[in-house]
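Participant: Letter by letter, the sequence shown follows residues 1 to 110 in UniProt numbering.
If you're looking for bench data, these hints aren't it; they were derived computationally from the structure. Treat the numbers as computed from the prediction; the structure is a model and nothing was measured. Just so it is clear, CB atoms sit at the ideal spot from N, CA and C, and this is done for glycine as well. A portion of the hints provided could be inaccurate.
In silico EDC-like cross-links for lysine to aspartate or glutamate, where the CA-CA straight-line distance does not exceed 16 Å [stated by the list, open to error]:
hint	residue 1	residue 2
1	59	39
2	46	7
3	59	48
4	46	13
5	46	35
6	59	74
7	66	42
8	73	28
9	73	96
10	73	42
11	59	84
12	46	74
13	66	39
14	66	35
Okay, the calculated beta carbon distance ranges per label pair [what the hints assert, rightly or not]:
hint	residue 1	residue 2	range
15	99	62	37 to 47 Å
16	76	32	20 to 30 Å
17	56	18	18 to 28 Å
18	30	73	23 to 33 Å
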Amino acid sequence: MSSVHPEVQKAMDFADQVSERLMASLDEMRTYTAERLSEDREIAVKVDMNGELVDLWLKPGVLDRKSAAAIAKEISRLVAAANEDAAAAVARLYQETTADEPAADVDEAS
1 MSSVHPEVQK
11 AMDFADQVSE
21 RLMASLDEMR
31 TYTAERLSED
41 REIAVKVDMN
51 GELVDLWLKP
61 GVLDRKSAAA
71 IAKEISRLVA
81 AANEDAAAAV
91 ARLYQETTAD
101 EPAADVDEAS
C-alpha cells in the first residue's frame, strides 16, 4: 500500500481549499444582481453580473405621465448605473477571491 507524502498531501489540501473558495465566489458572482430605482420611484431595473437587464418595473400609469422617449432614456440611464454597480461588485468579489493567499508551505528538496 502506498501513502502520500505529507508535503504532497498538504499541497493537495491547500489546492482543494482554493478550489472550493473559487467555486463559491463564482456562484456568488453568477447570482449577483444590481438594482436601480428612478428618483421619482416610477421606474426600476435589475441587471445581472454581466450588466444585462433581467427585470424592469414601471409604476402603473407612468406611460400616461411620461413620453416613451423619456421612459427609454431613464431606463437606459438606470441600466448603465446598475451595470456600474454590478461591475464594481464583481470586481470586488474577484479581488477578495484572488487576494494574496498564503501558499502552502512545501519544503523544497535541496
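Participant: Please go over all the hints and tell whether each is borne out by the structure.
Facilitator: Hints, one by one, checked against the model:
1. 59 <-> 39: With a Cα-Cα distance of about 13 Å, the restraint between residue 59 and residue 39 holds, given a limit of 16 Å.
2. 46 <-> 7: violated, 48 Å
3. 59 <-> 48: Roughly 21 Å between the alpha carbons, so the hint for residue 59 and residue 48 is violated.
4. 46 <-> 13: violated, 39 Å
5. 46 <-> 35: holds, 4 Å
6. 59 <-> 74: holds, 13 Å
7. 66 <-> 42: Satisfied, since the Cα-Cα distance of roughly 10 Å is no more than 16 Å.
8. 73 <-> 28: violated, 30 Å
9. 73 <-> 96: violated, 35 Å
10. 73 <-> 42: holds, 13 Å
11. 59 <-> 84: At roughly 24 Å apart (the allowed maximum being 16 Å), residue 84 and residue 59 break the hint.
12. 46 <-> 74: holds, 13 Å
13. 66 <-> 39: Holds. Residue 66 to residue 39 sits at ~14 Å (cutoff 16 Å).
14. 66 <-> 35: Roughly 21 Å separates the two Cα atoms, so the pair is violated.
15. 99 <-> 62: 37 to 47 Å: holds, 44 Å
16. 76 <-> 32: 20 to 30 Å: holds, 21 Å
17. 56 <-> 18: 18 to 28 Å: About 38 Å separates the Cβ atoms of residue 56 and residue 18, which means 18 to 28 Å is violated.
18. 30 <-> 73: 23 to 33 Å: holds, 30 Å
In the structure shown, a violation is registered for the earlier hints numbered 2, 3, 4, 8, 9, 11, 14, 17, in ascending order.
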